[in-house]
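Asks: Listed here are the chains, written in short residue letters.
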Amino acid sequence: DVKVTQSSRYLVKRTGEKVFLECVQDMDHENMFWYRQDPGLGLRLIYFSYDVKMKEKGDIPEGYSVSREKKERFSLILESASTNQTSMYLCASEYSGSSYNEQFFGPGTRLTVL
Amino acid sequence: AQSVTQPDIHITVSEGASLELRCNYSYGATPYLFWYVQSPGQGLQLLLKYFSGDTLVQGIKGFEAEFKRSQSSFNLRKPSVHWSDAAEYFCAVGAWGGGSYIPTFGRGTSLIVHP
Chain A
18 DVKVTQSSRY
28 LVKRTGEKVF
38 LECVQDMDHE
48 NMFWYRQDPG
58 LGLRLIYFSY
68 DVKMKEKGDI
78 PEGYSVSREK
88 KERFSLILES
98 ASTNQTSMYL
108 CASEYSGSSY
118 NEQFFGPGTR
128 LTVL
Chain B
53 AQSVTQPDIH
63 ITVSEGASLE
73 LRCNYSYGAT
83 PYLFWYVQSP
93 GQGLQLLLKY
103 FSGDTLVQGI
113 KGFEAEFKRS
123 QSSFNLRKPS
133 VHWSDAAEYF
143 CAVGAWGGGS
153 YIPTFGRGTS
163 LIVHP
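Going line by line, the protein sequences match chains A and B. Positions 18 to 131 (our numbering) are the ones given, in order, by the first sequence. Positions 53 to 167 (our numbering) are the ones given, in order, by the second sequence.
One or more hints might be untrue.
[Claimed, not checked] Label pairs and their computed distance ranges (CB to CB):
hint : chain 1 : residue 1 : chain 2 : residue 2 : range
1    : A       : E89       : B       : S104      : 28 to 38 Å
2    : A       : S84       : B       : Q97       : 25 to 35 Å
3    : A       : D76       : B       : P131      : 14 to 24 Å
4    : B       : P131      : A       : S97       : 43 to 53 Å
5    : A       : K35       : B       : S132      : 20 to 30 Å
6    : B       : S122      : A       : T100      : 42 to 52 Å
7    : B       : S124      : A       : D76       : 14 to 24 Å
8    : B       : S66       : A       : E119      : 46 to 56 Å
9    : B       : I61       : A       : R127      : 17 to 27 Å
10   : B       : S124      : A       : K35       : 35 to 45 Å
11   : A       : P78       : B       : S122      : 18 to 28 Å
12   : B       : S104      : A       : D45       : 25 to 35 Å
[Unchecked claim] Sample of chain A residues at the chain B side, in silico, Cβ under 10 Å:
hint : residue
13   : D45
14   : N48
15   : F50
16   : Q54
17   : E73
18   : P78
19   : G80
20   : Y81
21   : N101
22   : T103
23   : F122
24   : G125
[Claimed, not checked] Dumping the calculated SDA-like pairs for lysine to any residue here, alpha-carbon to alpha-carbon at most 20 Å:
hint : chain 1 : residue 1 : chain 2 : residue 2
25   : A       : K74       : B       : I164
26   : A       : K74       : B       : A69
27   : A       : K20       : B       : G95
28   : A       : K72       : B       : T107
29   : A       : K72       : A       : N101
30   : A       : K70       : B       : Q54
Hint data in this document are derived by calculation from the structure and do not stem from the laboratory. No residue lacks a Cβ here, since even glycine has one placed at the ideal position from N, Cα and C.
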């Protein structure tokens, strides 16, 4: 089974702190994604990556950056956390070699910025 | 740009009753459509998807969905709901992002199942 793990289930940070959210997948998937999930808004794409050291902006990249130094790991960075970044963050990975296009999701990190 | 509308925020059904969750999409080309489910405290799991071919798609856990191009809809159905189906359901439409079909998600429908 594909396993996508996220470094923390719950995280509390203060305004202005630099925050790292880590995501690791164990199935050698090329594609990886970061979403944020807010009540009533569904999932919104922040960034995605098709390969190591590649990144593409999603719909809401402002205030975020990403890093993909290794194929299995995709990090989301909040350079200076703000209260409006309090949210659930979901990571997903996907195999690019077929047309199946199924994303496999991690359990999420619930981030609270005080 | 593509978009998805799930008109029902909450749906309440009795266990054993049938279920239909509505989804309408907007996309200029042939749509790639998905339904995902999120159980409490979990990430999302793919239920089913439509790319082409038969417009009635079978998925996991006894779910099916029907693509109707004329109505721009992709409604999810189940003939008999189980208590374990209580979850959040997301419809999504995929647009080509250069290396994958990137899903745009609807806002979700929360399913409540009464015993």
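Asks: All hints, please: hold or fail.
Replies: Results for each hint:
1. A:E89 to B:S104: 28 to 38 Å: With a Cβ separation near 32 Å, A:E89 and B:S104 satisfy 28 to 38 Å, so the hint holds.
2. A:S84 to B:Q97: 25 to 35 Å: holds (27 Å)
3. A:D76 to B:P131: 14 to 24 Å: violated (36 Å)
4. B:P131 to A:S97: 43 to 53 Å: The hint (43 to 53 Å, Cβ to Cβ) holds, given that B:P131 and A:S97 are roughly 51 Å apart.
5. A:K35 to B:S132: 20 to 30 Å: violated (50 Å)
6. B:S122 to A:T100: 42 to 52 Å: holds (45 Å)
7. B:S124 to A:D76: 14 to 24 Å: Holds: the Cβ-Cβ distance is about 21 Å, inside 14 to 24 Å.
8. B:S66 to A:E119: 46 to 56 Å: violated (31 Å)
9. B:I61 to A:R127: 17 to 27 Å: holds (21 Å)
10. B:S124 to A:K35: 35 to 45 Å: holds (43 Å)
11. A:P78 to B:S122: 18 to 28 Å: violated (36 Å)
12. B:S104 to A:D45: 25 to 35 Å: holds (27 Å)
13. D45: This hint is violated: A:D45 lies away from chain B, its Cβ roughly 15 Å from the closest one there, beyond 10 Å.
14. N48: Nearest chain B Cβ about 5 Å off; hint holds.
15. F50: At 8 Å from the nearest chain B Cβ, A:F50 passes the 10 Å test, so the hint holds.
16. Q54: Check passed: Cβ of A:Q54 comes within 8 Å of chain B, closer than 10 Å.
17. E73: Holds - the Cβ of A:E73 comes within 10 Å of chain B, reaching about 7 Å at its closest.
18. P78: Where the cut-off is 10 Å and the nearest Cβ of chain B is about 13 Å from A:P78, the hint is violated.
19. G80: violated (20 Å)
20. Y81: For A:Y81, the interface hint is violated, since the closest Cβ of chain B sits about 17 Å away, which is over 10 Å.
21. N101: Check failed: Cβ of A:N101 comes no nearer than 18 Å to chain B, outside 10 Å.
22. T103: violated (18 Å)
23. F122: holds (3 Å)
24. G125: Holds - the Cβ of A:G125 comes within 10 Å of chain B, reaching about 6 Å at its closest.
25. A:K74 to B:I164: Judged against 20 Å, a Cα distance of about 35 Å means the pair is violated.
26. A:K74 to B:A69: violated (43 Å)
27. A:K20 to B:G95: Roughly 11 Å separates the two Cα atoms, so the pair holds.
28. A:K72 to B:T107: violated (34 Å)
29. A:K72 to A:N101: violated (23 Å)
30. A:K70 to B:Q54: violated (28 Å)
When the structure is compared with the earlier hints, violations turn up for hints 3, 5, 8, 11, 13, 18, 19, 20, 21, 22, 25, 26, 28, 29 and 30 and for no others.
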